[in-house]
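Here are the chains, one letter per residue:
Number of protein chains: 2
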Amino acid sequence: MAKRKTSRKKSKQDFQIGFVGVGRMGANMARNLKDNGFNVSVVSDANTRAANALAKELGCAATKKLAKVTALSNVVITVVTDDASMRGIFGTSGDSLLVDAKGTTFINCATISPATHVQVEKRAEKVGASSLEGCMASSITQARQGTLYLMCGGRRGVFNRVRPILDALSVNLRYIGTAGQAAQVKALVNMVMNINTAGLAEGLGLGQSLGLDLKVLMNVFSQTGANSRVLETDGEDMVIRDHECYFSADHAAKDSGIALKLASQEGLNLPLAAASKAQYDKMKRLGIGGLDKSGIAELTFPGRKGTSKRKK
Amino acid sequence: MAKRKTSRKKSKQDFQIGFVGVGRMGANMARNLKDNGFNVSVVSDANTRAANALAKELGCAATKKLAKVTALSNVVITVVTDDASMRGIFGTSGDSLLVDAKGTTFINCATISPATHVQVEKRAEKVGASSLEGCMASSITQARQGTLYLMCGGRRGVFNRVRPILDALSVNLRYIGTAGQAAQVKALVNMVMNINTAGLAEGLGLGQSLGLDLKVLMNVFSQTGANSRVLETDGEDMVIRDHECYFSADHAAKDSGIALKLASQEGLNLPLAAASKAQYDKMKRLGIGGLDKSGIAELTFPGRKGTSKRKK
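If you read the sequences in order, they're chains A and B. Residue 39 is where the first sequence starts when you use the working numbering, and the numbers rise one by one after that. Residue 39 is where the second sequence starts when you use the working numbering, and the numbers rise one by one after that.
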């Protein structure tokens, strides 16, 4: 049986794209879409100054009113900070993205808990809108260049409908499953990454304490069972204490926390994940949670802030 | 000033090589050297049957007497199980490799504590012998094929003297530093590897519990910050429960223990290393310490031996 074509493929000009949350990730995604010939209709952020500046740059509207974002757009990309913010912008009373939202498609790119994605999808569908989770496993540069690693969860039809936008944002696009499942995968990715990062910081810190040549040590790590992606991305930064933030310790703690909550719901005991979260939590307590995740080396290298040991 | 040549380069025929400890690693190293045209003079093992069988295969002597190994060899390669065994074969009284050992070179390939390497070097030099640590970061196949990752510690002159043997054993040969330093690097490699392995088992176990497609999950891991060498070597084994032993949980626990002891001496607190050691210790308590290190997934996948959770 031949497939019946139910609708023509969407083109760039079919989309009027609004953005809620234009911090470093959201702003750069908007810039990239604009560069790619998409219509960015409106931007909104709790930080009015940031929203206004970006609106000027992109030649679009800026607003604090969420209902106006929906009014000006048929697709709204949200990149907010946490579950509470997500529930706030998708509120069921007062100003909300859900006001007169029939036909609107929401693409939600913040790293939030899987349950919130499920909840937002339900609320959206109740008013005749659609919701797709778009979990990103990349950072600012990739957002700007449209080379995100983007994992999507939700209805396949919604995924297909906004596919041109997703393609423009990403170089690696994956449909994972139902709403919340992409966030689960993302939480697992970051949980494992955080464990590997914390472990690497311990290996290099002890190596430094023993007086080993850390260049040789990292080279040996790279050629053996100790090799990892974080060795490539964070190893040298740990040694030279370059903790400029790409992915903060605060975020690492949050994401490991999401994974541990899932584990607890599943009745699983994950001691490595717990130990790594405790380290990132310790960074927060020490006031260095804003450092890049590589800053965890400050807890394991002799003579640094988080260790009791004096510098040799 | 031109360098003075103090001795001609050694050739294969200059060496009479004895082996102490011919388990799976030692026996395969002996086979490889024999294949490469070296003289294997004698083999010795607490397991007499294993020593006799190998001696027959290689056409060399077998003995239980350590002094005889030294008498028949000018180079002795030792591959024993632990520190106590090392101190035993290099005993200062009774039957020992050090009896009439003047001029003998010992290459010690067991994974033991750095301090024991230093002690053995001292004892060897006291009787006019030489000692080199040769730490291996590879497994049985590499031993057989002469493709070991071999890190050496000791005097540079000793390293140079037995270089033809080391070259035949390894594809990756490194002079790390003084006696004990190669063992330190090895301990750090295995400590980090064990952490990454334990963390991977948690990520995959939770993924399974959540009902995610583990092939997709591993593929996402491989393309993101969660990637690691152990994902390549152990990921699938964890999923399909293929825990045929290449590197046992018992050994993992031992090696992490060596690293943690060093950390304790250095006054460093390494919570991830401690958590991973506790997991491998738990495997020992559950009677599954003989499984490959990938068997740690038995503690984190729902419904398996080490988890309280029932199979879904």
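There's no promise every hint is true.
Since copy identity is lost for identical chains, a pair holds within one copy or between any two.
Below, computed lysine-lysine pairings styled on DSSO-like, alpha-carbon distance capped at 30 Å [as the list claims (entries may be wrong)]:
1. K299 / K253
2. K343 / K102
3. K164 / K47
4. K160 / K253
5. K320 / K299
6. K299 / K94
Honestly, the hints are just simulated from the structure, not real lab data.
The hints, checked one at a time:
1. K299 / K253: between (38 Å within a copy, 23 Å between copies)
2. K343 / K102: Answer is neither; intra-copy 41 Å and inter-copy 54 Å both fail.
3. K164 / K47: For K164 and K47, only the intra-copy Cα distance (26 Å) is at most 30 Å; the inter-copy one is 83 Å.
4. K160 / K253: Between copies only: 29 Å across chains, 52 Å inside a chain, cut-off 30 Å.
5. K320 / K299: both (19 Å within a copy, 23 Å between copies)
6. K299 / K94: For K299 and K94, the Cα distance exceeds 30 Å both inside one copy (41 Å) and across copies (59 Å).
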